[in-house]
Every structure is written in structure tokens, then in C-alpha cells.
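Start from the sequences, fold in the hints, and give me the full structure.
There are 2 protein chains.
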Amino acid sequence: MDSIYFDWAATAPIHSELPDLISRSLLEFQGNPSSTHSKGKFSRKQIDSSRKLCAKLLEIKPEQLIFTSGGTDSNSIILSSLFLKKPGSHIILSAVEHPSIYEYTTNLKIFGYEIDFVKPSSDGLIIPEEINKLLKPNTGFISIMTVNNETGAIQPIKEIVSTIREFERKNGRFIHIHTDAVQALGKIPFKPALLNIDSASFSAHKIGGPKGIGLLYLKKPINVLSSGGGQEFGIRPGTENVSGIIALSKAMELSLNNLEQNYKNTELLKTLLISKLVNIEGVKLLFNLENTKKLSYSPYIISATVSPIPGEVLVRILSDEGIQISTGSACSSRNRKKQIRVLNASGVSEKDASGSIRISLGWSNTENEIINFCNILEKNISILRKYHK
Amino acid sequence: MDSIYFDWAATAPIHSELPDLISRSLLEFQGNPSSTHSKGKFSRKQIDSSRKLCAKLLEIKPEQLIFTSGGTDSNSIILSSLFLKKPGSHIILSAVEHPSIYEYTTNLKIFGYEIDFVKPSSDGLIIPEEINKLLKPNTGFISIMTVNNETGAIQPIKEIVSTIREFERKNGRFIHIHTDAVQALGKIPFKPALLNIDSASFSAHKIGGPKGIGLLYLKKPINVLSSGGGQEFGIRPGTENVSGIIALSKAMELSLNNLEQNYKNTELLKTLLISKLVNIEGVKLLFNLENTKKLSYSPYIISATVSPIPGEVLVRILSDEGIQISTGSACSSRNRKKQIRVLNASGVSEKDASGSIRISLGWSNTENEIINFCNILEKNISILRKYHK
Chain E
0 MDSIYFDWAA
10 TAPIHSELPD
20 LISRSLLEFQ
30 GNPSSTHSKG
40 KFSRKQIDSS
50 RKLCAKLLEI
60 KPEQLIFTSG
70 GTDSNSIILS
80 SLFLKKPGSH
90 IILSAVEHPS
100 IYEYTTNLKI
110 FGYEIDFVKP
120 SSDGLIIPEE
130 INKLLKPNTG
140 FISIMTVNNE
150 TGAIQPIKEI
160 VSTIREFERK
170 NGRFIHIHTD
180 AVQALGKIPF
190 KPALLNIDSA
200 SFSAHKIGGP
210 KGIGLLYLKK
220 PINVLSSGGG
230 QEFGIRPGTE
240 NVSGIIALSK
250 AMELSLNNLE
260 QNYKNTELLK
270 TLLISKLVNI
280 EGVKLLFNLE
290 NTKKLSYSPY
300 IISATVSPIP
310 GEVLVRILSD
320 EGIQISTGSA
330 CSSRNRKKQI
340 RVLNASGVSE
350 KDASGSIRIS
360 LGWSNTENEI
370 INFCNILEKN
380 ISILRKYHK
Chain Y
0 MDSIYFDWAA
10 TAPIHSELPD
20 LISRSLLEFQ
30 GNPSSTHSKG
40 KFSRKQIDSS
50 RKLCAKLLEI
60 KPEQLIFTSG
70 GTDSNSIILS
80 SLFLKKPGSH
90 IILSAVEHPS
100 IYEYTTNLKI
110 FGYEIDFVKP
120 SSDGLIIPEE
130 INKLLKPNTG
140 FISIMTVNNE
150 TGAIQPIKEI
160 VSTIREFERK
170 NGRFIHIHTD
180 AVQALGKIPF
190 KPALLNIDSA
200 SFSAHKIGGP
210 KGIGLLYLKK
220 PINVLSSGGG
230 QEFGIRPGTE
240 NVSGIIALSK
250 AMELSLNNLE
260 QNYKNTELLK
270 TLLISKLVNI
280 EGVKLLFNLE
290 NTKKLSYSPY
300 IISATVSPIP
310 GEVLVRILSD
320 EGIQISTGSA
330 CSSRNRKKQI
340 RVLNASGVSE
350 KDASGSIRIS
360 LGWSNTENEI
370 INFCNILEKN
380 ISILRKYHK
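So the protein sequences, as listed, match chains E and Y. Mapping to numbering that gives the first Met the number 0: the first sequence position 187 is 186, numbers consecutive. Mapping to numbering that gives the first Met the number 0: the second sequence position 173 is 172, numbers consecutive.
In case anyone wonders, no lab produced these hints; they're calculated from the structure. Mixed in with the good hints there might be a few duds.
Identical copies go unnamed one by one, so any copy, or any two together, can satisfy a pair.
[What the hints assert, rightly or not] No farther apart than 27 Å at their CA atoms in a straight line, the calculated lysine-lysine pairs in the DSSO-like style are these:
#1 Lys132 to Lys169
#2 Lys219 to Lys337
#3 Lys135 to Lys283
#4 Lys336 to Lys263
#5 Lys388 to Lys132
Here you go:
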């Protein structure tokens, strides 16, 4: 049997044309884009046109897009800028943010920031009213992830932003609204300008691009902490990863132009998967995924529990059978307490969280893979349940 | 005539085998190294072995090497860590640091650091005694670039470190010594452990690797500002650029294993180049390169002036003739004042600095290229001198 890859939220298989495109770009665009000779200008021109392509796909201006080294880097540019100038001294983060945002908490507290966490309801979704309750006259920064990488919950960003902007108008102090949109890009419709957010982070390798390249949307330029040669409008210095930028823009083109079709296909696969999962003894969906209103959960991420079987045991056994799933965020795979933070905050009991598995889908998955996966899952769970009670 | 590339200090042409290696790596190592399934572990194992290779080449321990997105990123990790905990409140930077270090000055001052700059002598070289004069009981951090990217000066890092360590012993307070070794790696012998430094930055694309990947040597782990999924021992979070890491380690292998031979060849080319340059009317070497003790200047970087002809005019005209040189650091090409900072600090007059050109060589350059370059240079200068007096 061919391998079944259901860990797309950790990283997507690379688009088949990209390795060649990257290899050609490495040869074609060798000049340093900051060099003023012909080879430098040739690289610079390519970056400009890649930026234009990405901006067009996101329906924003090219100068609002900063190429970074990935989602964590994009988040870090925003978060570390808070060390520089205090935009108010109160911050609101969702309790289910990615570690690249959440783990900033300790350092932000050292710098005197007061931080409140907004928890989602037991369905993993954040209610705008809950943020409203936390807003203070000195609130200056809010970060809410668009699509959660573990629960798949699609946060009502538009409604959240409206709530914040209304408070902002009355209060008269600017609030920077950031969203980690790494799991949203290319998966669900996401237009930064329409959402009225101030910044958003994206990653190439989650949409079939290479690792090591990402994007940061910035409504307006900000003062950043790090500095250097002035590249990327001074927001993200360092010689530009030209071949990575070319590959990212191509991956965005492929993903965003096929977004609707991929979404529909994945929605069908998700429905099939859920209909099977609910009938496997020992598997429980972590959220009421089979019966929710549309656009509340990404069809690309399905979260379940096989408790009392430890999630990591099942992941390892399925891996031996050629199936790749995960227990949650790959980025938290080293630390158990950190590993269950997001699920805990989303109302999942510690017991259920310890048995959690994440099945994340992508554009090349098929019905057959879902059926084979469920059969192998059922077989293994029935064996494992004899040892884990 | 084929193009003559003499801008290696800005970026080196990629090693011919790397585009293919990268393309294959992108297909072979698709898993997220943090994923616990087979594909994840396969990527993780590769990163580990690449790290071992790099560590072996630098004669240090693998856990002392952090993969970053480039030289600026490596420098930024070190500099931004200063915002977190004040290791003393006095810092010494060389006045000829790369912008990715030098430009931190403003923000460090905001955070209450007192900064002293050590200027090189008129030969571009920093005298350890000059640093000694600046050391204070509360000095906690010092950064001195190993090979200057504009002047080619090789700073006496070993002597500088000895001076600092002696003061450190007497004073009883730890001083973190950092060096930007981007222009040293693969060019001159550089062994971090022998130098007794605390950290050093490296970049792949300066030694024929791809852009967007670099290294940070850390003698001991440090607390860093940014945070995330714990990758790279928590020092540099974010999904690892696996293919970039593979390519970097290969580029290091190719450069470091051929270091001696390349150095000898380049030394010969430099001697030839200098012997020709001194005979071209209107060209003046910026440092006494023809008559200095060994190991004071990198043979890879030659700095001259064609004043009163503006350097950027000559760069553009030579570019039209298929020759790539630069006026100085590519990273400062956008800002004239910033552009001449390093030369000014190295004792070059503003007039000479405005006519400065940097000729930077690499392993594939030939005697013929030097001769052709000098002929074309002479021809163009004699024309330009009619208009620039």
C-alpha cells in the first residue's frame, strides 16, 4: 500500500513543479538583489514581480507584503516589535495561539505588559463578546489565530475585529490586531483588507511551498526590533531568499486559484471521514464536527481522541503502517504539557487530550485513502484497546 | 566576452551541484522534522547529520550550531537577546560592523545600553589596545567582525579576545564576545573554539550555498527573545529549512575542504590585480594592500577608489560591459550616508569613499578575468575622467 499522508497541517507535500522551479531559479537569479549591477537588478526585479503576484492574490498592495523566513518569523516580527514601543500596556491573546505567539508571554510580562487570554468556548470557537469583556482603555495589541492548527476551528475574525474596532473608536486609542493565518492561507477565503486587521502571518510550506519562506501582511509599516541592510522595506532585513520567494508566490498561485475546488473536495472527504470515525469504537470526535454551521471548522483539520490509548502510541503504530497523522501541533511535539495546552483551552479534558489525534487533509488526498485509513485505524484501535483501558 | 563576476562578497555564485541537490532534497525530505511519524523522523535525522557535518568542519560540538535564515538572522538572535537581560549595561561594537549589528545601536540605546564604538586605525585594522581602553567594569557584550565586508581587513580576533578575557578575569564579570564571521567562513581559517569567542555568525550564500540559510555558533546556550515550537534547541524556532540545511552543509564542505587551495589561488589573483590597479591612472588602493604583513587583509576583498568619479557610476558602466563589482556593501546600497560609514570609520576621506569600488573575488575567478577587467576598467576610467574632475 502507498503511504497515506494526513499531516498536511504540519507541512504539505511540495507542489510537484516546485523543486524544478527552485533549482532553475537558483541558477537564474544568482545576484544579490541589493547589488546595483545587472545581476543584482535582475534578482530585484524578480522579487518585485513575485511580491506583486502575491499581493494580487491577496487583493492588497505589494508594499503591504513582507517576505520572511516563515510563519514563526512573521509572528516574531510583530511580537518582538512590542518590546520596542509600548502600544498601551495591555495585550489580549487567544489561549489557543501557536507557540510562536503564545510563548512570547513570558518575555512580554518581563517588559511590563499585562496579558489577558481569551479562551474559546467548548466548541473551540472564540466569541467576540468574550474579547469585548477583556478590552481596556490601555489595550494596544490583540492576536487571534484565524484557523487553529489543532482544533481546526475557524475563528470569527470579522466579527472579532468589528467588536474591537467599535471599542477602539469609542476609546480613541489604536489597537493593533494581528492574526496568524498560516492554516487559513490557500485553505479558506482570506482577504486581509476585507478583515480590517493590521497584520497577518503566512507560511509557504503549509501550502505546498518550500520550508524557510513565509509572508507577513502589514496594513501599515511598523517599527521593528531587528535591523540590518534595509531589505523588505526595513521590516525584515537580510539578503532575500530569491528562489524561496519565487516558489512561495507560485505555491500561492496554485493554492489560491484552486481554493474553491480544493475546499469542496476536502469538505467531501471530511464528511466521509467523520461518518466513518463516529462508527469506530474507541474514537470520539473532539468537537461536534458532524453537526455545526458552515465555516466554523476547516475541513482540512479533524481532531479526535482515542483515549485511553495515548495519541502518540497510535501515531507511531500508524506510521509503521505507512500512515502519517499527528497528535496535535508538530511544533509542540517535544513537550507534553505544551502539547495539550490548546486542546485544554478549547474545553477538552486532559484525559481526552492525552489520546488526541489530528488528521489533516490536503488537495491530493482521496476517498480511497480515507477508507483505507479508517479500516487500518479501526483494526489497530481494537488491538490497542486490549492494552490501554 | 563572458560576464566577469567580482561581487562575491555580496553573494557567491551557487556551487554547481547544489541546485540539483536542493531539488532532490525538497522531494526526499518532505516531512516536518518535528512530526513524530516516519517522514518527520527522516527529516529530523537528516538535520542532525547535516549539523554534525558542519560541526566537524568547524571543529566544534553539533549542539553548538544553530541553523538560522542567514547572517543577519544569526546576528539578530544575539543582538536581540540583549533586550531581554542586561549583561552589564555597557557594550562595545566596532565602528565597522555590518548594518545588521551596527543598526541595532538606536534600539539598544532606547533600552538603556551605553555603547562605545572602537574605530580601526587608518589601515582598517582594530588594535586590541583600543578595545582595552574602552573596557569598563560593566561591559557585558562586545561585537567585532572577523573579516570586514568592505575593506577586507582581517581583525586580530585572537588578540582582541585575549585582551578582553584578561580584563574579564580581573574584573570578574562575564563578557559575551560575538563575531560576524560571514566573510571569514570558507575564506580564511576560522575555528570558533580556538578563538575563545562566545558566538559567531555565518551565511550560506556567501560561500556558494543558497540564500535564506545561515548558521550561528553558540559556545553555550543563551536566552533568546523570540520563541515558538522549540526548534534549534529553542534558540531559533520555526519549521526547519531542511533542503537549505542540506545545501549549507554541502557548501561548507566544499568551501572548507578547499579553503587552502582557494586561498592560494585568490592570493595570486589579488597580487596580479593589485599590480595592475596601481598602474591605472585614476585608481588608488584604499589601503596599503601591496605592502602589508600576511593575514591582515582577505585576498577575497579589494577596496579601491576612482574618485572624483562616483563609485556608483563606474559600477553601472562596468555592469553594462558585463562586469559585476560593487561600491561597498550590497546591504547598504540604498543609503548613501550608511554606504560610506565603514570606509569613513576606517580612515578613508569622504571624497575617496564616494569614489570607492569593491572588487571581491572567488574560487572560480581566473587570471584572464583579472587582466580583462583591468583593461576595461582603464578604458572606462580614462573616458569618465574627462567628465568627472
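To see whether the hints hold, each was checked on the structure:
Taking the closest pair of Cα atoms, Lys132 and Lys169 come within 27 Å of each other only inside a single copy of the chain (15 Å); across copies the shortest separation is 56 Å, beyond that limit. For a Cα distance limit of 27 Å, the shortest separation of Lys219 from Lys337 across copies, 25 Å, qualifies, whereas the shortest one inside one copy, 33 Å, does not. Taking identical chains as interchangeable, the C-alpha atoms of Lys135 and Lys283 are never at most 27 Å apart, the minima being 39 Å within one chain and 64 Å between chains. In the homo-oligomer, the alpha carbons of Lys336 and Lys263 never lie at most 27 Å apart, since the shortest distance is 35 Å inside one protomer and 55 Å across protomers.
Taking the shortest alpha-carbon separations for Lys388 and Lys132, neither the intra-copy value of 42 Å nor the inter-copy value of 71 Å comes in at or below 27 Å.
Comparing the model with each numbered hint stated earlier shows that hints 3, 4, 5 do not hold.
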